[in-house]
Amino acid sequence: MNVLKNIDSIRKDFPILNTSINGNKLIYLDNAATSQTPNCVINSISDYYKNLNSNIHRGVHSLSQMATEKYEDTRKKFKSHFNAKSSSEIIFTSGTTHSINLVSSGFSKFLNIDDEIIVSQLEHHSNIVPWQMLCEKTGAKMKVIPMNNIGELDLNEFSKMLSAKTKVVFVNHVSNALGTVNDIEEIIRLSHSVGAAVLIDGAQAVPHFNVDVTKLDVDFYVCSAHKFCGPTGVGILYGKEEWLNKLPPYQGGGEMIDEVSFEKTTYSELPNKFEAGTPNIAGVIASGIALDYINNIGLGNIKDYEDHLLNYATEKLLEIEGLKIYGESKDKTSVISFNIKNIHPYDIGSLIDNLGIAVRTGHHCAQPIMDFFNIPGTIRVSFCFYNTTGEIDTLVDALKKASTMLS
Amino acid sequence: MNVLKNIDSIRKDFPILNTSINGNKLIYLDNAATSQTPNCVINSISDYYKNLNSNIHRGVHSLSQMATEKYEDTRKKFKSHFNAKSSSEIIFTSGTTHSINLVSSGFSKFLNIDDEIIVSQLEHHSNIVPWQMLCEKTGAKMKVIPMNNIGELDLNEFSKMLSAKTKVVFVNHVSNALGTVNDIEEIIRLSHSVGAAVLIDGAQAVPHFNVDVTKLDVDFYVCSAHKFCGPTGVGILYGKEEWLNKLPPYQGGGEMIDEVSFEKTTYSELPNKFEAGTPNIAGVIASGIALDYINNIGLGNIKDYEDHLLNYATEKLLEIEGLKIYGESKDKTSVISFNIKNIHPYDIGSLIDNLGIAVRTGHHCAQPIMDFFNIPGTIRVSFCFYNTTGEIDTLVDALKKASTMLS
Amino acid sequence: MKIKDIQDEIVGEFDIFETWMDKYEYLIELGKSVPVIDEINKTDDNIIKGCQSKVWLHAEQDEGVIRFYADSDAIITKGIVSLLIRTFSNQKPEDIINASLDFIDKIGLRQHLSPNRANGLNNMIKKIKFYAIAFSKSN
Amino acid sequence: MKIKDIQDEIVGEFDIFETWMDKYEYLIELGKSVPVIDEINKTDDNIIKGCQSKVWLHAEQDEGVIRFYADSDAIITKGIVSLLIRTFSNQKPEDIINASLDFIDKIGLRQHLSPNRANGLNNMIKKIKFYAIAFSKSN
Ligand SMILES: Cc1ncc(COP(=O)(O)O)c(C=O)c1O
Ligand SMILES: Cc1ncc(COP(=O)(O)O)c(C=O)c1O
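Each protein sequence line maps, in turn, to chains A, B, C and D. Quick note on numbering: the first sequence equals residues 1 to 407 in our numbering. Quick note on numbering: the second sequence equals residues 1001 to 1407 in our numbering. Quick note on numbering: the third sequence equals residues 2001 to 2139 in our numbering. Quick note on numbering: the fourth sequence equals residues 3001 to 3139 in our numbering.
Be careful, since some hints might not be right.
[To be verified] Quick partial rundown of chain B residues pointing at chain A, CB under 7 Å, derived from the structure:
(1) G1059
(2) N1101
(3) G1253
(4) N1301
[To be verified] Below, computed lysine-lysine pairings styled on DSBU-like, alpha-carbon distance capped at 30 Å:
(5) K264/A - K3126/D
(6) K2137/C - K2032/C
(7) K341/A - K25/A
(8) K2049/C - K2106/C
(9) K215/A - K316/A
(10) K264/A - K1070/B
(11) K1077/B - K2042/C
(12) K2054/C - K1160/B
(13) K3023/D - K3137/D
(14) K50/A - K85/A
(15) K264/A - K1076/B
(16) K3092/D - K1341/B
(17) K1303/B - K264/A
(18) K1050/B - K12/A
(19) K3092/D - K3054/D
(20) K2137/C - K2023/C
(21) K1137/B - K246/A
(22) K167/A - K1264/B
(23) K1050/B - K5/A
(24) K240/A - K3004/D
(25) K246/A - K3023/D
(26) K3023/D - K3004/D
(27) K1264/B - K160/A
(28) K1076/B - K2042/C
(29) K324/A - K240/A
(30) K2137/C - K2126/C
(31) K1070/B - K2126/C
(32) K2054/C - K2127/C
(33) K1303/B - K1264/B
(34) K1143/B - K1264/B
(35) K2049/C - K1079/B
(36) K167/A - K143/A
(37) K3042/D - K77/A
(38) K1341/B - K3002/D
(39) K3002/D - K3106/D
(40) K1079/B - K2042/C
I should point out that these hints are in silico values taken from the structure, not numbers from a laboratory. No residue lacks a Cβ here, since even glycine has one placed at the ideal position from N, Cα and C.
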C-alpha cells in the first residue's frame, strides 16, 4: 500500500497540525501556497539566534566563523541535492520571485529589439511579470506556449515558435494552479537546439520529487524554501556557472564587491556577486534543515504517497455532483483545481473554513489560466506528505455540505 | 547615573549572552554588524510557525486571515514608530541593501546623462554600489561630500555641489565605520532647496534613537531589522507616498499586480506594488516584536545609556599605548573605530576572539573611509544597550594583552 | 433609525442563531433575496476589486441623505454587502463619517473584513466613507 | 620528508604548548622570523586577496618539485603561511595534489581556514593545489 509507514510520527513533527479552527481540527490543504514547518526547522531557527547569531563572511570572531560555516555548509547541501557541479552555482535569494527577477533583470544585457522570449500559458505571475518588464525595457517580444483543454502544454506548437531569435524560455516544472508536470526535458532539449537559455520555475516541483540540474542540463532552476517545509524569506537560484558569470550583478551592496572606490568598483566572484547585503542567515540555515528533513523521509516515498493521495482525492471529489476538475494532465502532482456548479469559489472556501479546512480559492496568481477556462477562479486543494486520506474524506463531506447550502 | 536600571534583567532576555567562546563568556561588541536577539523575538518566530504559518493576502481560510492581520499590524507599528503619514508608506524588503536597490533602480526612470547625484565619503558600500550601477546605466555623475579629519561631513562643500542638476542625495544617518551622526536635517533642507530627493540610510540609527520621518521631511528612509534586535532577512523602506507612487515597481511577481494577461499587466496600489512574491512573513512579524521590545525599554533610555558606554569606552581605550581612534565627531553614537600602533587589525581581532571578545576588524564595508585615512582597516567595537562597562574593562585588558603579544 | 441602532438590530437578529451554519444560511438567504443594485449601475467605475470576489457600489444623494446600492458576485459577500447597505443607506453624510462599524465583529464575520484582499468589503467600507466625505463637502 | 610527516611534526611541536596564548606566541614568532618571499615577487599577480589580510604566493618549479614563497601583511596569517610553506614546499606536484591538510585543524587554528573571507588562507591552499596541477600537466 502506498502509505507512508510512519505518517503518525511525521504528523507529530508539525505542531500546527494540532491547532483548531472554529473548534475543528485544522485540515491544511493549501500546501502549494506554503507548506507547514516541522519542529526541527523551527528549532534550527531558535538555535541559531540562541547560539550563533552573527553577521557572516567577514568577521574574525568565532560566532561569525561558525555562522559562516553553517551558511556555506547549507550551500553545499543544496549543491548535492540538485547535483550542481559546484557550490558557486547555488545562490541564496529571498524567494522564487526574487530569483526570477535576478535572472530576468540580468537578461536585459543580452536582449535586442528583435529578440524573442517564450513563456507558457501555465505560468505563475512571478514567472510572467518580470519578463514582461524585461520586454518593456528591451523591446523583445514574448510568445506564449499554448495549452490544451486538460492543461498540457503543446510542445508541437512550441517547437514551431523556436528560432534563432529565441533568447530565453521560462516555464514552470509543475503548475501551481493545475498540478500539471511539464515535460521540461523536452522543452530544454528543444530550446538548446536553437541556442536559447532555459529557466525552470521549480517552486512546485522541489517539494515533491527529485530534481537533477546536471541531468536536466537546465540553465537556471529556481524555488522557494517555504514550499518545502522551510522558513519564509528564502529562495534558491541554481544557475550554470558560465551563465552566472555572464549575468551582471543584480543588487549592489556589501558582500558582492571586491573593491570599492568612488572611481571604480569590482565585483566578487560567484556566489557572492549575487548575494549583496546581509542575507537571511537564520532562514538559509533552516532551509538546509528542511531539505535534510524531506530527504530523510525520501522524495521517492513522498512522491509515491502524494500520488496515492492525488488519485484517492480525484476519485472522491468526482463523486460530488456538479464538480468539474481543471487540469487533467496524465502527469500531475499534488494539486487539484475544481469548481462546483456555478458556485463562486470564495463562497465554498469561506464555508469550509468554518469546518477547519484550509484550501485556496481564486486565480492562484495564474490569471492567464483562469482566462483560458473563462472562470474567475477555482477551489484548489494541494497536498503535502503529512496529509491523509482521512482528511480527504472530511474535505469531501464538507464540500457536499457547502454545496447544498449554496445551491 | 546613566545606567539602565534593569540591565541584568535585560541581559537575561538575550540567551546568546550566556554562551562561552573558548572557555570565556562571550562579550559581544559587534552590534553594528548585527545585534543579538531577545527571547520574545525568537519565540515570536516559533509561535508563528506553530500557530499561524500561511501565505498571506489572498487566502480565505482562517490561518491566512490571521497571518495577514499580524503582518499588516506590523506595518502599522512601523508607521507609528517612524511617524509616517500612512501605512502604505512602509514597504517590507529583505534588508537595507534591498531597500536601497529598490529606490536606486527606480531612479533610472528620472535620471538623464547630465544629471548629478550626491553621496557622502562616509557611506557603506550598500549605499554606494547601487548608485554607481545607476550612474553606469543612466550616464549621471556622482559627486562625493568630503569629510574632515575627525570624520564629519563638510556641509559647506556640500552646499556648493548642489544645483538644479542634482536629482538625488543619499547619505547615512550614522556611519557604521566611524559612528558619526550626520546632520541630516541640514542635508535634507539643502537638498530640497534645489529640488533633489534624499534617501537616508538609517541602518545604524534606528537601533539607537528615535527617527521621525515626517519631522525630517525625508523622501526615503531605510533600515534592517537584524540591527535592532530583529531577525535576519527583513528590511524596512519608508518612502513618501508621492515618491513611491512615482517610482516604477522593482520586482515583478505575485502580490504586486492587479491584473495579469499576456497583453497587459496592471500593478497594485501601495504598498503591494513593491512587495512581489511571498514575503518573509515570520521575519516581518518578528521585526515588529523587536520594535516593541526596544520601544518598551525606550529609545531615550537606550540613547542615554549607550552614550554613557561610548564615553566610558573612549576614555578607557585612549589609555592604551599607541591607540588611535578614527572618527571623533562631536555627535557620535555607539561605535568606536581604532588601531593600535602598526598592528594589523586582523591580528588583534584573532587574539581577543580567543578571550571570548567579538569585535569587527577590517574595512567595515566602507573602503572609501579606509582610503581616506590610508589604512587597510580598523578594529571596531560597537555597543548595544545590553553591553556593560564591565565588558568594556575586559575588552581593554584583552587589547593590552594582545598588543603586548604582537609588539 | 440611527446607524448604531441598526447595527444593534442586526446583532440581535444574528444572536438567534446558535451555530455558524445557521448564521451563514441566513447570510446566504440575504445574499440571494435582495436585489441591491440596478444592472445599469454595475459599471466598471463602480467596481471595487477584491482579488476574488467583486463588489459593485453605487451612491446617490437625496435630500440630505445618501442612498447606497451594491452587489457582489459571491453570495456570502453579497449577504454582508446587504447588511452594510442596510446600515449606511439613507443616513446623513456626517453620521456615516462618524459611525464606527462593530456589528460585523459581533456577529462573527470579522474574517471577511481582514486586511486580506480576497474580497472587496474593506475597500467598500472605505468607499462608503469617501462618498460621505465628498457629499458632505459638496453641501 | 613527506607531507604527512611534516604535518605530524608540526602537530607535535604545537602539542608542547598548553595554552592558546603560548600557541599564538609561537605562531607570532614564526610570523616574525621567517622572510618567506623576495620583495620582487610581491607582485599584484601574486596577491591572494582576503577581505582583511593579504597573502602573496609565488611558486617555482625545480627538479621535479615545487618551491613556494609567500607572505602576509598580518602576522598571525603570516605564521600560518609559514607553516603551509613548510608543508608544501619542495614537494612533488602529485604529492601536493593528493595531500590532505589536517594539521591546521589539529593544532586548533581551524577558524583561520573557515569559508569566511577575512584572510586569504583558504584561497592560498587552493592556489597551491592549482600550481601543483598546472606543473604536473606541464611535465
Ligand atoms: C550604514 C549601513 N548601511 C547599510 C548596511 C547594509 O545592511 P544590510 O546588510 O542589512 O542590507 C549596513 C550594515 O552593515 C550599514 O551599517
Ligand atoms: C509555480 C510558482 N512560481 C512562483 C511562485 C512564487 O514563489 P514565491 O512567492 O515564494 O516567490 C509560486 C508560489 O506561489 C509558484 O507556485
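Hints versus structure:
{"no.": "1", "hint": "G1059", "in the structure": "holds, 6 Å"}
{"no.": "2", "hint": "N1101", "in the structure": "holds, 4 Å"}
{"no.": "3", "hint": "G1253", "in the structure": "holds, 4 Å"}
{"no.": "4", "hint": "N1301", "in the structure": "violated, 24 Å"}
{"no.": "5", "hint": "K264/A - K3126/D", "in the structure": "holds, 28 Å"}
{"no.": "6", "hint": "K2137/C - K2032/C", "in the structure": "violated, 35 Å"}
{"no.": "7", "hint": "K341/A - K25/A", "in the structure": "holds, 28 Å"}
{"no.": "8", "hint": "K2049/C - K2106/C", "in the structure": "holds, 25 Å"}
{"no.": "9", "hint": "K215/A - K316/A", "in the structure": "violated, 37 Å"}
{"no.": "10", "hint": "K264/A - K1070/B", "in the structure": "violated, 44 Å"}
{"no.": "11", "hint": "K1077/B - K2042/C", "in the structure": "violated, 38 Å"}
{"no.": "12", "hint": "K2054/C - K1160/B", "in the structure": "violated, 55 Å"}
{"no.": "13", "hint": "K3023/D - K3137/D", "in the structure": "violated, 39 Å"}
{"no.": "14", "hint": "K50/A - K85/A", "in the structure": "violated, 34 Å"}
{"no.": "15", "hint": "K264/A - K1076/B", "in the structure": "violated, 41 Å"}
{"no.": "16", "hint": "K3092/D - K1341/B", "in the structure": "violated, 42 Å"}
{"no.": "17", "hint": "K1303/B - K264/A", "in the structure": "violated, 37 Å"}
{"no.": "18", "hint": "K1050/B - K12/A", "in the structure": "holds, 12 Å"}
{"no.": "19", "hint": "K3092/D - K3054/D", "in the structure": "holds, 26 Å"}
{"no.": "20", "hint": "K2137/C - K2023/C", "in the structure": "violated, 39 Å"}
{"no.": "21", "hint": "K1137/B - K246/A", "in the structure": "holds, 17 Å"}
{"no.": "22", "hint": "K167/A - K1264/B", "in the structure": "holds, 22 Å"}
{"no.": "23", "hint": "K1050/B - K5/A", "in the structure": "holds, 24 Å"}
{"no.": "24", "hint": "K240/A - K3004/D", "in the structure": "violated, 37 Å"}
{"no.": "25", "hint": "K246/A - K3023/D", "in the structure": "violated, 45 Å"}
{"no.": "26", "hint": "K3023/D - K3004/D", "in the structure": "holds, 21 Å"}
{"no.": "27", "hint": "K1264/B - K160/A", "in the structure": "holds, 24 Å"}
{"no.": "28", "hint": "K1076/B - K2042/C", "in the structure": "violated, 34 Å"}
{"no.": "29", "hint": "K324/A - K240/A", "in the structure": "violated, 41 Å"}
{"no.": "30", "hint": "K2137/C - K2126/C", "in the structure": "holds, 17 Å"}
{"no.": "31", "hint": "K1070/B - K2126/C", "in the structure": "holds, 21 Å"}
{"no.": "32", "hint": "K2054/C - K2127/C", "in the structure": "holds, 14 Å"}
{"no.": "33", "hint": "K1303/B - K1264/B", "in the structure": "violated, 51 Å"}
{"no.": "34", "hint": "K1143/B - K1264/B", "in the structure": "violated, 39 Å"}
{"no.": "35", "hint": "K2049/C - K1079/B", "in the structure": "holds, 25 Å"}
{"no.": "36", "hint": "K167/A - K143/A", "in the structure": "holds, 11 Å"}
{"no.": "37", "hint": "K3042/D - K77/A", "in the structure": "violated, 38 Å"}
{"no.": "38", "hint": "K1341/B - K3002/D", "in the structure": "violated, 40 Å"}
{"no.": "39", "hint": "K3002/D - K3106/D", "in the structure": "holds, 18 Å"}
{"no.": "40", "hint": "K1079/B - K2042/C", "in the structure": "violated, 36 Å"}
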